[in-house]
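> Each chain, letter by letter, is given below.
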Amino acid sequence: MPRYELALILKAMQRPETSAALRRTVESLMQRGAVVRDLENLGERLLPYAITKHNQKHSRGAYFLIDFYSATNILSGLLDHLHRDVDVVRPTVLKKDDQVSSSNCCGPQQ
Amino acid sequence: MFQVIGGRGVQVTRLLAPGRAVLVEAVRGRKSRTDTVAKSKQGRIKVPPPVDPTEMVVLKERYAEYEMITRALRLEFKEEVLRKKYEEETGSMAEEHRALMVFNDQENLRMLQQRVVRIQMEKEEAENKQVEAAIERELQQQEFIKEKEREILKLQEDAKNFITLENLDQRIEEALDSPKNYNFAVDKEGRVVKQTMLQ
Chain A
1 MPRYELALIL KAMQRPETSA ALRRTVESLM QRGAVVRDLE NLGERLLPYA ITKHNQKHSR
61 GAYFLIDFYS ATNILSGLLD HLHRDVDVVR PTVLKKDDQV SSSNCCGPQQ
Chain B
111 MFQVIGGRGV QVTRLLAPGR AVLVEAVRGR KSRTDTVAKS KQGRIKVPPP VDPTEMVVLK
171 ERYAEYEMIT RALRLEFKEE VLRKKYEEET GSMAEEHRAL MVFNDQENLR MLQQRVVRIQ
231 MEKEEAENKQ VEAAIERELQ QQEFIKEKER EILKLQEDAK NFITLENLDQ RIEEALDSPK
291 NYNFAVDKEG RVVKQTMLQ
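So the sequences go chain by chain: A and B. Residue numbering for the first sequence follows the working numbering, starting at 1 and increasing by one per position. Residue numbering for the second sequence follows the working numbering, starting at 111 and increasing by one per position.
Possibly wrong hints are sitting among the right ones.
[To be verified] For lysine-lysine, the following BS3-like pairs were computed, each having C-alpha atoms within a straight-line distance of at most 30 angstroms: (1) B:K256 x A:K96; (2) B:K156 x B:K141; (3) B:K156 x A:K95.
[Unchecked claim] Listed next, with one range per pair, are the computed distances between beta-carbon atoms: (4) B:E283 x A:Q31: 20 to 30 angstroms; (5) B:Q280 x A:G77: 19 to 29 angstroms; (6) A:P48 x B:E259: 42 to 52 angstroms; (7) B:E235 x A:E40: 25 to 35 angstroms; (8) A:T72 x B:Q280: 26 to 36 angstroms; (9) A:G77 x B:E259: 33 to 43 angstroms; (10) A:A71 x B:Q280: 41 to 51 angstroms; (11) A:D38 x B:E235: 49 to 59 angstroms; (12) B:D287 x A:Q31: 23 to 33 angstroms; (13) A:A50 x B:Y292: 16 to 26 angstroms; (14) A:L75 x B:Q280: 20 to 30 angstroms; (15) B:D268 x A:T72: 47 to 57 angstroms; (16) A:A50 x B:K290: 23 to 33 angstroms.
Simulated from the structure, these hints should not be mistaken for laboratory data. By construction, the Cβ of each residue, glycine as well, lies at the ideal position given by its N, Cα and C atoms.
The following block holds chain A by itself, in its conformation from the complex:
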């Protein structure tokens, strides 16, 4: 099952640059020994608040979701690398929980 999820916010760029940034990110993941499962695009959206990163103020960002399986020791190195990347506004790695069985949901029956 997917172990981690990288919620990546990239700078609002043109398509070739965005795809280059994504390629860079996924390659850095693979180089650290991760197995990338899926890549999702959540669209280019207005950020909830203005974020200043690498001496630039961003109001819009491209949201991407990368599921990957990896070892636990690479994460700090990976985050370090992503923080240094100029095109990345905010990288967040989260653990992915197993799917909860949605059959019997507890709560008041109606």
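Put chain B on the given structure of chain A with help from the hints.
Structure of chain B alone, referenced to chain A:
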């Protein structure tokens, strides 16, 4: 003068000490502590009477045996006297005693049978439970193995869709072409609206 000898010394002293009923304590007599000792008694050291060890041991054993016998006889006679006194008061005890003993034996027998039956039942129960538990465990294990196999197959299927260096560009293009929207709205009636405006 009367020293305390503890431990193994006690057994020896018991063997070698003259068996007396009453300990003779020292008594002051006519003269007090401060009175001068008589001229004929100056330098006198009191020694206890000499005792032959072997003779003492033999005598002690014989006396012990003798006393045991006499005590037993005395108690027997006392008991007989008491029983005679009791019997002349409340009739003969023998039949009552016999009846009670018989009753006791019957009760014991009955309880023994009940106990045997109960133990048998319990043993069978325990065996059944063990067998059932073993079966249950087997089933659980089988279930577990099947579950794991299912997971492995699922993962193998999913693995075909993973991103590799060859797919990378193609997947990036696909992703950039199709933005996903996980937002939705629900109202109190439970109507779900998945189509929202993506800014």
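> Hint by hint, say whether it matches the structure.
Hint-by-hint comparison with the structure:
1. B:K256 x A:K96: 24 angstroms, holds
2. B:K156 x B:K141: The hint holds at about 17 angstroms.
3. B:K156 x A:K95: 99 angstroms, violated
4. B:E283 x A:Q31: 20 to 30 angstroms: 21 angstroms, holds
5. B:Q280 x A:G77: 19 to 29 angstroms: Once the Cβ atoms are compared, 28 angstroms apart, the range 19 to 29 angstroms for A:G77 and B:Q280 holds.
6. A:P48 x B:E259: 42 to 52 angstroms: At roughly 44 angstroms between Cβ atoms, B:E259 and A:P48 fall inside 42 to 52 angstroms, so the hint holds.
7. B:E235 x A:E40: 25 to 35 angstroms: Once the Cβ atoms are compared, 58 angstroms apart, the range 25 to 35 angstroms for A:E40 and B:E235 is violated.
8. A:T72 x B:Q280: 26 to 36 angstroms: 30 angstroms, holds
9. A:G77 x B:E259: 33 to 43 angstroms: 35 angstroms, holds
10. A:A71 x B:Q280: 41 to 51 angstroms: With a Cβ separation near 27 angstroms, A:A71 and B:Q280 fall outside 41 to 51 angstroms, so the hint is violated.
11. A:D38 x B:E235: 49 to 59 angstroms: 55 angstroms, holds
12. B:D287 x A:Q31: 23 to 33 angstroms: For B:D287 and A:Q31 the Cβ distance comes to about 26 angstroms; the hint holds.
13. A:A50 x B:Y292: 16 to 26 angstroms: 23 angstroms, holds
14. A:L75 x B:Q280: 20 to 30 angstroms: Taking Cβ atoms as reference, A:L75 and B:Q280 lie about 27 angstroms apart, which means the hint holds.
15. B:D268 x A:T72: 47 to 57 angstroms: The hinted range 47 to 57 angstroms is violated for B:D268 and A:T72, with Cβ atoms some 21 angstroms apart.
16. A:A50 x B:K290: 23 to 33 angstroms: Since A:A50 and B:K290 have Cβ atoms about 25 angstroms apart, the given range 23 to 33 angstroms holds.
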